[in-house]
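*Asks:* As you go down the protein sequences, you meet chains L and U in turn. The numbers in my numbering rise by one with no breaks, and the one at position 17 of the first sequence is 17. The numbers in my numbering rise by one with no breaks, and the one at position 58 of the second sequence is 675.
Do not rely on the hints blindly, as some may be mistaken.
Said to hold, decoys possible - Just a few of them, taken from the derived set where beta-carbon distance is under 10 angstroms, the chain L residues facing chain U:
#, residue
1, Tyr243
2, Glu254
3, Tyr255
4, Lys285
5, Cys293
6, Ile295
7, Arg366
8, Gly598
What the hints assert, rightly or not - As a list, the in silico DSS-like pairs of lysine-lysine whose alpha-carbon atoms are at most 30 angstroms apart:
#, chain 1, residue 1, chain 2, residue 2
9, L, Lys207, L, Lys261
10, L, Lys285, U, Lys681
11, L, Lys273, U, Lys813
12, U, Lys681, L, Lys566
13, L, Lys507, U, Lys820
14, L, Lys507, L, Lys586
15, L, Lys473, L, Lys586
16, U, Lys827, L, Lys261
17, L, Lys154, L, Lys273
18, L, Lys218, L, Lys261
19, L, Lys273, U, Lys827
20, L, Lys302, L, Lys507
No lab work stands behind these hints: they were computed from the structure. Virtual Cβ for every residue (Gly too), placed ideally from N, Cα, C.
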Amino acid sequence: MTNGWRGYTGRILRVDLSEGTIRTEELDEDDAFRFIGGSGLAAKIIYDEVDPSIDPFSPENRLVFMTGPLEGTIVPCSCRYVVAAKSPLTEAWGEAHASGFWGPELKAAGYDGVVVEGKASSPTYIKITDGDVELLDASGLWGLGCLDTERALKADYGGRFRVVCIGPAGERLVRYASIIGDGGRTAGRCGMGAVMGSKNLKAIIVKGSSRVQVADPKRLRSMIRRLYPVIMSFPTTQIHSAYGTNGEMGPFYEYGDVPIKHFTIGVWEGISKIDGDAMAESIVKGQRACPGCPIGCTRYIKIESGPYASVEGKGPEYETAASLGSLLLNDDIESIAKANELCNQYGLDTISTGVSIAFAMELYERGIITKADTGGLELEWGEPATILRLIEMIGRREGFGDTLAEGVRRASEIIGRGSRRYAMHVKGLEMPMHDPRAFKGMGLQYATSNRGACHMQGFVLRIEQGERMVDLKIYERVDRFETRGKGRIVAIMQDWHEILDSMILCKFLSVSPGHVASLYTLVTGITLRLPEMLEAGERIYNLKRLFNVRCGITRRDDALPERFLKEPLPDGGAEGQTVNLEEMLKEYYEYRGWDENGAPTIETLRRLGITEKTHQS
Amino acid sequence: MVEELFTEEEIKEEICRVMSRLYRRGLISAVGGNVSAKIPGSREFWITPSGIFKGELTVDDLVKVDLDGNVVEGFLKPSVETPLHRAVYRKRLDVNAVVHAHNPVATGLALAGISIEPITVEAVVTLRRVPIVPFVYPGTEDLAEAVAEHIAGVRALILQNHGVLGVGFNLVEAETVVETLEEVATAQWVAYHFGKPRLIPEKDMELVRKLYGI
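Generate the whole structure from the sequences, applying the supplied hints.
*Replies:* Written out as structure tokens, the structure reads:
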């Protein structure tokens, strides 16, 4: 890396699997500044190159892996990558994020990102060793689980190679298949693993030996050293360190935020058997951290006896403990750990998997489906054997699992019989594990997020819990049940999270926006001030929205499942609450400068320097 | 190929600087208080020596100890509280620096049975919940065990009849915690002298209150 770039490597790897060609492309300086990196640069590439009318499984779809400009430096919690494509779940913008060693290794190999297009004629994997890139036969790996695939590749090439791969679910185009690496670190959402599978791409393995060049290493080191007292003061930091993300299940439950029995009830005594304390006292054996992370939220688990005695490795996060636990009335933490491991082997998003199973269980309870539909399987709530069996059926697209593998939106269309009412998704992406009746701003965030029901793009509930963001001019103590004012706050937080997802920085660390701009300047040598950085966030958000508009997304799709709008929670911390979405949506569109159909106006696009494209398919 | 955040030489120099600052602030005394730090992921740490004047330490005075208690490098005797430091590092993967100081006001309030309360934003944001560890004789494995029992999920402890403990990912953070503890304790002391402190309204500290049980 001896070019003039600092922070960035300045190079993007292009792989065409149909043609079997490999080339390197220079990063455009203007794009880097205007779209930062990570999710922003991925959005620029997909907006420019992907015809919005294509089938997400067609060879024309792009699968874009991007790192951030801070990655590979001493900036804490910057070791992440984003993978983006047109999503097979939402048929619109799709992205997923994961942390671990793969992202920094890609930069050490000399690339900011990898853009994959086309479709290989047979199972293939990409091997990157510094500037040397090979397309290799993956026939021997096809059919292996993700964790086994990683083990096999490391056995062949040595532990220094970092792996991201798909499992059987991605190979079989399960629409919520994930991409997994580093022993269970998951780019889970939006079916990026299925897009990878549609290209016959099993894995990308990488090893690099370069160091990322930093514009002002001395000042960067000095600044970071002195930032730790503040960044470690993020409210959740010590809880995540002590108990992992599931350490928040207890407080979330108090709010009525944890979904129970498919978002139908607010009180369940099983919570205390699956929360962070319960995990710590039973299956947790240690703590793990991503490279350079001062928190270490990963739980290392091992089950030593009983029916799940073989389970060992990365333990369930909060989202998984809820989606495969409380959502299904499953209070057996060991079976949740087993289900998590199964999802990691098959390469399945645990959120979408849990919601799909809950959808089926509710339909079964209501008599909308019967054993005739499920292949003789009884779908009783809270039954671990049933949950584990369904995960396998989904991962293999076997029997009724083939229907659930389509995601709840499509599954409800296949099943019919009024099942649509119970399909919990936004734009086709299954609901995450935060009930928007407990935090109304989350409802607006879910409805408007570019990738569908997304809890990470804004995480507005932090503001509704009382966090202030002075750099973003969010000074007020917000009532979580209030709807007024949420339009502005949600939009600001979504734009800020575009910056976090483009730099790319973990959201469990408290680096204030002003400090992020300073870190970017010290790393890249490109002066970035807070206002223009926040404008870049807004630009990226609007560019993704514009892609969605061209995919056919309108105001009608900025919706929530009827349950949240019309069915008050009967008990718990959000008892009696429903979401008044329309009022918030109106305010949100006005603040964003979008028209009544939810499209950015010409004036908004001009202000952000985005030119409307006249792409003809 | 991620660059290391700290080097051993930087850590040793920082330990001496922190000791000097704490001494000048009156948070450690001539022979009371000790500091240690390590490289993230390392099973060895550098610690201040025992029984010599703490206001003028140099890097050559420091002792390197492993997590089993063996001296790896250095010629002076390691701090008598080495077991306590080892216990913290064993319990907390996220901690790379431990500051044990003798904050007079924080220690005094605890002796009077008064806990640290949410009286300022710093008390809430930086300190959160500060447990008081009942008296155990200094320098013993029993004290190390008592600290290990209380250290999960917190940044500071008060050791009754003894002093305080601040931990952090690096030394600057651990030092900040100990200094903030004394600042808050002093304000609280003044408030109690003239009456009773008014606390930050619960709704304004809801997130931290729910997470840390304060």
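*Asks:* Against each hint, give a clear statement of whether it holds in the structure.
*Replies:* Going down the list of hints, with the structure as the test:
no. : hint                : verdict
1   : Tyr243              : holds (7 angstroms)
2   : Glu254              : holds (6 angstroms)
3   : Tyr255              : holds (8 angstroms)
4   : Lys285              : violated (12 angstroms)
5   : Cys293              : holds (8 angstroms)
6   : Ile295              : holds (6 angstroms)
7   : Arg366              : violated (35 angstroms)
8   : Gly598              : violated (32 angstroms)
9   : L/Lys207 - L/Lys261 : violated (44 angstroms)
10  : L/Lys285 - U/Lys681 : holds (28 angstroms)
11  : L/Lys273 - U/Lys813 : violated (40 angstroms)
12  : U/Lys681 - L/Lys566 : violated (64 angstroms)
13  : L/Lys507 - U/Lys820 : holds (23 angstroms)
14  : L/Lys507 - L/Lys586 : holds (28 angstroms)
15  : L/Lys473 - L/Lys586 : holds (21 angstroms)
16  : U/Lys827 - L/Lys261 : holds (24 angstroms)
17  : L/Lys154 - L/Lys273 : violated (36 angstroms)
18  : L/Lys218 - L/Lys261 : violated (53 angstroms)
19  : L/Lys273 - U/Lys827 : holds (19 angstroms)
20  : L/Lys302 - L/Lys507 : holds (27 angstroms)
Going through the hint list in order, the structure does not satisfy hints 4, 7, 8, 9, 11, 12, 17, 18.
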